[in-house]
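A.B. asks: Take a look at the letters that make up each chain.
Number of protein chains: 2
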Amino acid sequence: MNSAVTEEPLYVGVDGGGTGCRGRLENAAGDCLAEASAGPANLYQQREQALVAVEQCVDTLLRSAGIGPQGQSRVHAGLGLAGAELPSARQLVAGWQPPWASVQVVNDAHVACLGAHQGQDGGLVVVGTGIVGWAIRAGQGQILDGWGFPLADQGSGAWLGQRALQLTLRASDGMVPETPLTRHLLARFADNPRRITEWAATARSGDYAHYARTVVEYADQGDAAAETLLQEQAREVGLLVQRLLDMHASPVALLGGLAPAVSAHLPAALTRFLVPAREDAIAGALYFIRQNATRSEDSIRP
Amino acid sequence: MNSAVTEEPLYVGVDGGGTGCRGRLENAAGDCLAEASAGPANLYQQREQALVAVEQCVDTLLRSAGIGPQGQSRVHAGLGLAGAELPSARQLVAGWQPPWASVQVVNDAHVACLGAHQGQDGGLVVVGTGIVGWAIRAGQGQILDGWGFPLADQGSGAWLGQRALQLTLRASDGMVPETPLTRHLLARFADNPRRITEWAATARSGDYAHYARTVVEYADQGDAAAETLLQEQAREVGLLVQRLLDMHASPVALLGGLAPAVSAHLPAALTRFLVPAREDAIAGALYFIRQNATRSEDSIRP
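Which chain is which? The protein sequence lines are R and D, in order.
1 is the number of the first residue of the first sequence in the working numbering; add one for each residue after it.
1 is the number of the first residue of the second sequence in the working numbering; add one for each residue after it.
Isolated chain R, as found in the complex (with noise of 0.2 Å):
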């Protein structure tokens, strides 16, 4: 091997969140070297663990490609990694040195979006347990809701959850016909209201979404409470997705794992703007790093 082909950039993708991270290692042609994953990486929950992590990764990487630690600083690192748009994520990463030519840290939306629309401009809603709007314009990212459950995330599964056992608590009372969904969520509480409330009084965001799960699956059996729930749903990421729409934000990819049910209730003239999700959120930040290592370069060689 000469120096020249030493010297090779090689370019490191990251998507990380609260359950771990997920890395590919390619070189500067676009070959896939490498695959790997390693532990939580949510700036917000484990704070610098997480870097700790997106570090094993791309130590993990570089061994898999039989490169190992002499290739750390031809590496151009592109992270997209939850909590990366908060203040404290910000200040984390500035006081952070991998060893690597470039490194360059986003918001998880952000590559998910570049990955859907293979590195352009685009939208993206994101329905899971929470609910996330992100619009890439010239390059730029801007978030849009998410301001966090049980204030907001309307529309999130969370959200989905919520609604199906407070209209349990009204069949309840009589105020709505019961209906098998409902019936079946009673029955999960012995038939105790009450057991309801006193579960709320301590349930967090994915203890309501787990039951969004349950309102999809009786929506397919023709529920109809769990139809008209699934159908609020869509009126409320309807409202996203016109948002970024109106923003120029488009096409539109909708992920999660609510988006199969929610995009089978959006009206046509929603879904028309929609498209499927054509990369992965590892590929975005590929995408993302390969369009910003020059300027990081420039950044950290000053």
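Just so you know, the hints here were simulated from the structure itself, not pulled from any lab data.
Since we're looking at a predicted model, the values are computed, not measured.
Using N, Cα and C, we set each Cβ at its ideal position, and we do this for glycine too.
Hints should not be assumed to be uniformly reliable.
[Unchecked claim] Here are some chain D residues the structure puts well away from chain R; computed CB gaps all over 10 Å:
{"id": "1", "residue": "R137"}
{"id": "2", "residue": "T228"}
{"id": "3", "residue": "Q231"}
[Stated by the list, open to error] If we take Cβ atoms under 8 Å as the criterion, some of the chain R residues that face chain D in the derived model are:
{"id": "4", "residue": "D145"}
{"id": "5", "residue": "W147"}
{"id": "6", "residue": "Q154"}
{"id": "7", "residue": "L240"}
Starting from the known structure of chain R, fit chain D onto it as the hints suggest.
C.D. replies: Only chain D this time, still in chain R's reference frame:
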């Protein structure tokens, strides 16, 4: 005074909640002999202290009427106390031995409902910080909703305040149009939506309900968003009213600080069953004890 006169029964009605209790003393003929108030008497919040406050209230009534402590054994007390429907409150009351001829304790909504309908059957919806429905049929009370914020309590003041803040966040994201209401609310948080979510992390129902009044004020000034929120609220309250009608608990009285705003937005199909409260909750407590004093004496003097 002969013995027959001194043995004439005395009736006390008390309406008690978390901010205080108020009582009225009447003779058998229904003449008001005295009115008095005492400390907070919510059986869930104050527990034993609620019963102490009621005893103090009765003491004051007897002294104000010039009867004094020797009148205690002639007192038949009807108490409408917040939280009385809870199992823990029933236990508390079961162990209580006030020095009266008889005492009957019931939910404050029950006596409010009896007062509103002058002792007759009927329905009640109270729209304040929380929301609760009450039905009296054949003299028997039944609670509706009141499951508590934020899981339930849709249509309450806390819920209305929360909806207004949700709308403010959406307006700040450009997802719905700004209005004078949303601009005012955002300004209350230094024009920083993040401050709203920080505030929400520790906000309680009373804190949210505080903003319900703002919504009503802006609706009065023609604010489109405030008007829409009041219509949403009326739909929620309308479900409770409709349920009371379906249960034949009619007519329905609408009470609480938000009742005027709500009734202005209810459809005519419901408002024609609404009646103003004819008397207050203390009067209701007096109806209650006059209807039940004999039964109680039976149980106290077997």
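A.B. asks: For every hint, state whether the structure bears it out.
C.D. replies: Going down the list of hints, with the structure as the test:
1. For R137 of chain D, the requirement that its beta carbon stay farther than 10 Å from each beta carbon of chain R is met, with the minimum near 13 Å.
2. The beta carbon of T228 of chain D sits about 14 Å from the closest Cβ of chain R, which is more than 10 Å, so the claim that it is off the interface holds.
3. Under the 10 Å C-beta cut-off, the non-interface status given to Q231 of chain D relative to chain R holds; the minimum distance is some 16 Å.
4. With its C-beta approaching chain D no nearer than about 6 Å, D145 of chain R sits inside the 8 Å limit, and its interface hint holds.
5. With its C-beta approaching chain D no nearer than about 5 Å, W147 of chain R sits inside the 8 Å limit, and its interface hint holds.
6. Below 8 Å, beta-carbon pairs count as interface contacts, and Q154 of chain R has one with chain D at about 7 Å; its hint therefore holds.
7. At about 7 Å, the closest approach between the beta carbon of L240 of chain R and any beta carbon in chain D falls short of 8 Å, and the interface hint on this residue holds.
Against the hints set out earlier in the document, no violation occurs for any number.
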